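Peer 1: Same order as they appear, the protein sequences are chains A and B.
Here the first sequence is numbered in our numbering, starting from 113 and rising by one per residue.
Here the second sequence is numbered in our numbering, starting from 113 and rising by one per residue.
By construction, these hints were calculated from the structure, which means they are not laboratory data.
Bear in mind that the values here come from a model prediction, so they are computed numbers and not experimental data.
Among the clues, some could well be false.
For identical chains, the list gives no copy identity; a pair is met inside one copy or between any two copies.
[Stated by the list, open to error] Using 25 Å as the maximum straight-line C-alpha spacing, the simulated DSS-like pairs for lysine-lysine come out as follows:
id: 1; residue 1: K152; residue 2: K214
id: 2; residue 1: K312; residue 2: K214
id: 3; residue 1: K152; residue 2: K263
id: 4; residue 1: K152; residue 2: K268
id: 5; residue 1: K158; residue 2: K252
Protein chains: 2
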Amino acid sequence: MSYCQATYRVYDDKADFNKKAESIAVGMTVGSWTELPQTKREAMQKHLGQVTSVEVVDNGPGQRYADLTIAYPDVNFSADIPALLVTVFGKISMDGRIKLTKLDFSERFLSAFPGPRFGIQGVRELLNVHDRPLFMSIFKSVIGLNLDELKEQFVKQALGGVVLIKDDEILFENELTPIEKRVEACLKAAEEAGRETGKKLLYAANLTGPTSRLRSQAIKAVQAGANALLFNVLAYGYDVLHELSSDPDINVPIAAHPALAGAFYPSPYYGISASVLLGQLMRLAGADLVLFPSPYGSVTMPREENMAIRDELLRTNLPIKTSLPVPSAGIHPGLVPLILRDFGQDVVINAGGGIHGHPMGTEAGGRAFMQAIEAAGQNIPLAEYAASHPELQSALQLWGGER
Amino acid sequence: MSYCQATYRVYDDKADFNKKAESIAVGMTVGSWTELPQTKREAMQKHLGQVTSVEVVDNGPGQRYADLTIAYPDVNFSADIPALLVTVFGKISMDGRIKLTKLDFSERFLSAFPGPRFGIQGVRELLNVHDRPLFMSIFKSVIGLNLDELKEQFVKQALGGVVLIKDDEILFENELTPIEKRVEACLKAAEEAGRETGKKLLYAANLTGPTSRLRSQAIKAVQAGANALLFNVLAYGYDVLHELSSDPDINVPIAAHPALAGAFYPSPYYGISASVLLGQLMRLAGADLVLFPSPYGSVTMPREENMAIRDELLRTNLPIKTSLPVPSAGIHPGLVPLILRDFGQDVVINAGGGIHGHPMGTEAGGRAFMQAIEAAGQNIPLAEYAASHPELQSALQLWGGER
Numbered sequence: 113m114s115y116c117q118a119t120y121r122v123y124d125d126k127a128d129f130n131k132k133a134e135s136i137a138v139g140m141t142v143g144s145w146t147e148l149p150q151t152k153r154e155a156m157q158k159h160l161g162q163v164t165s166v167e168v169v170d171n172g173p174g175q176r177y178a179d180l181t182i183a184y185p186d187v188n189f190s191a192d193i194p195a196l197l198v199t200v201f202g203k204i205s206m207d208g209r210i211k212l213t214k215l216d217f218s219e220r221f222l223s224a225f226p227g228p229r230f231g232i233q234g235v236r237e238l239l240n241v242h243d244r245p246l247f248m249s250i251f252k253s254v255i256g257l258n259l260d261e262l263k264e265q266f267v268k269q270a271l272g273g274v275v276l277i278k279d280d281e282i283l284f285e286n287e288l289t290p291i292e293k294r295v296e297a298c299l300k301a302a303e304e305a306g307r308e309t310g311k312k313l314l315y316a317a318n319l320t321g322p323t324s325r326l327r328s329q330a331i332k333a334v335q336a337g338a339n340a341l342l343f344n345v346l347a348y349g350y351d352v353l354h355e356l357s358s359d360p361d362i363n364v365p366i367a368a369h370p371a372l373a374g375a376f377y378p379s380p381y382y383g384i385s386a387s388v389l390l391g392q393l394m395r396l397a398g399a400d401l402v403l404f405p406s407p408y409g410s411v412t413m414p415r416e417e418n419m420a421i422r423d424e425l426l427r428t429n430l431p432i433k434t435s436l437p438v439p440s441a442g443i444h445p446g447l448v449p450l451i452l453r454d455f456g457q458d459v460v461i462n463a464g465g466g467i468h469g470h471p472m473g474t475e476a477g478g479r480a481f482m483q484a485i486e487a488a489g490q491n492i493p494l495a496e497y498a499a500s501h502p503e504l505q506s507a508l509q510l511w512g513g514e515r
Numbered sequence: 113m114s115y116c117q118a119t120y121r122v123y124d125d126k127a128d129f130n131k132k133a134e135s136i137a138v139g140m141t142v143g144s145w146t147e148l149p150q151t152k153r154e155a156m157q158k159h160l161g162q163v164t165s166v167e168v169v170d171n172g173p174g175q176r177y178a179d180l181t182i183a184y185p186d187v188n189f190s191a192d193i194p195a196l197l198v199t200v201f202g203k204i205s206m207d208g209r210i211k212l213t214k215l216d217f218s219e220r221f222l223s224a225f226p227g228p229r230f231g232i233q234g235v236r237e238l239l240n241v242h243d244r245p246l247f248m249s250i251f252k253s254v255i256g257l258n259l260d261e262l263k264e265q266f267v268k269q270a271l272g273g274v275v276l277i278k279d280d281e282i283l284f285e286n287e288l289t290p291i292e293k294r295v296e297a298c299l300k301a302a303e304e305a306g307r308e309t310g311k312k313l314l315y316a317a318n319l320t321g322p323t324s325r326l327r328s329q330a331i332k333a334v335q336a337g338a339n340a341l342l343f344n345v346l347a348y349g350y351d352v353l354h355e356l357s358s359d360p361d362i363n364v365p366i367a368a369h370p371a372l373a374g375a376f377y378p379s380p381y382y383g384i385s386a387s388v389l390l391g392q393l394m395r396l397a398g399a400d401l402v403l404f405p406s407p408y409g410s411v412t413m414p415r416e417e418n419m420a421i422r423d424e425l426l427r428t429n430l431p432i433k434t435s436l437p438v439p440s441a442g443i444h445p446g447l448v449p450l451i452l453r454d455f456g457q458d459v460v461i462n463a464g465g466g467i468h469g470h471p472m473g474t475e476a477g478g479r480a481f482m483q484a485i486e487a488a489g490q491n492i493p494l495a496e497y498a499a500s501h502p503e504l505q506s507a508l509q510l511w512g513g514e515r
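Kindly generate the complete structure, drawing on both the sequences and the hints.
Peer 2: Here it is in structure tokens:
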């Protein structure tokens, strides 16, 4: 027998949590059990959910909860993420204070998922960067820009030293910069900048539009030279990412944007934990890079949740590749040592305002980050390194250093 | 200029809510404004979000909030639901205590959506039921059943008087009852029962599997005779429903199941209101019937949220058809007068355990509901009507009457 497991945190001041767990295990699988005649029970046994564990914590009124783990027979559902989610959290998501906090995939279920096509190692190989964190920038204020303006901004970012540039997630298909034109213009800009920097560069173009046309849009982008894609996974569903990432004709890394994730994870009582939403499921569905709010910047997530996402993206006990964590929003050079302390080398330093808002301009903004990465790599305090690196100096003066 | 609007409830004890609203309007559209040179501003004006209203309510510490309404220029995003959601709630969903509570679609945006193909009137015409609420039942404990067992259960439900029967949402593609076989068996059962009851019947088969194959699965089901579909919309994304419901080859009503909705709506601080999630967006995407937890039964939603969903499904000031509200979960005959008081005649009375769990069996369970609907239609108290209707009598004894 093969099972996928789900863990829930359930808040209730009075509930008999063992009974609650039993009712989920039965109610979300065979529907009823005690009323079944013995012969029927034998036939249904293989479909019955099982309570794996019940751990109760009672911190007084309003703070009594239990972590319930239920095992769901794989035979009950097809091996896709919509079926898994409907099985483990479909109906019960609506039944009181209950949050989905962890998934455990069976080998059988996992075997249906090739996972990230490139993973950390593959992306590093594409970029030929192996010994340091990767550095990414985000276009700024791109709505309304034409191709020339986009290209100009691209070159400035590229000259600053980034190896990844991503579209703004709110840049949709539009007449000024349709995806194939955007890719052409930006890749040409990358080539120009590359002659100066000697660096390879991935440009993640935002894949948007009707669901049934995403595949052909992606192929159009790839044919125009796209070497990466950005995707608003939660606006379309994990299964769409899974299909895109496992499509042999879309052989470029995919960066998963967390847009809408805040509708799921921040409440302690409801929704789906960030580590499931942006960790386990993004990786399973094949994201090579996963963006999420960092604990340091402007839009923040608690540090322990960030670390839980990191653990899920990097854990080595799965038969699929790892995904690159991209802690984002409000990142500036002074935060680089903190990011490296928390994430190690396998991380993407991703900045928008922290590059474009640099007092000496976008290109200098990039250089300030590169200097911070160099300093951190050599364990030199940023303030010390900044003494001989004016771009970093200027960034630290504006945004501050380690906290 | 044409705008779609979004309203948010933002909790914060200290924030300057006008400033917060401005920062959303700018940050989610053009990115920055005050730093832009005057000439640039003129060009970007048409892309700039606008603050429509800011209403502050201060109920003391922890209970100070504001309802902010922001208008987003249609020109910024493509006319699809993923683009709309990413635009209005992508990044800011992660930025503190903020909940999306209302959408307002522009005519231009709406024009891309045909809405429900049948709507309330269309479904009533298919069933030839015009003067009373519609009555639906749900299969019970179908995992592991074979076609004969399914058919047997179908007949019992049909003989009880229902006009709609829906699959369990956790019945996925499986070897025992693949969708086209299921449809054939159930439609044959419907025909048999129809010879006795004289009633037409819609059977909503659950549409599952990989996203790219849903269309062909639906067409296979329709070709096998399916006259309705059930769909776990939130597991796949609204855009998939939109594409299915507007596909000329899938010309049957679609019932939207709310599986996973509880991950979004219950928190007062985060997520998306039930009226947006299960009201506005389900209707826009083309659901002919929308299921949601009722305020009366086992899995419940507050009554005012139910009424807000109802209002969005039924409002007549939109250029698309209305959708049938299906308040569900724990519905028994004694609740029928309550449901009709709250929803009027344009509602689906939907029961599972309240039919199958009837002491006299599934068929009698259906008859008890029909009797309750008859009584309520004639303004006869259920207890009085039950005196001459033993099935209703038995149901009231088990589950109670109006509350």
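Peer 1: Of the numbered hints stated previously, which ones are contradicted by the structure, given in increasing order?
Peer 2: Failing hints, ascending: 1, 2.
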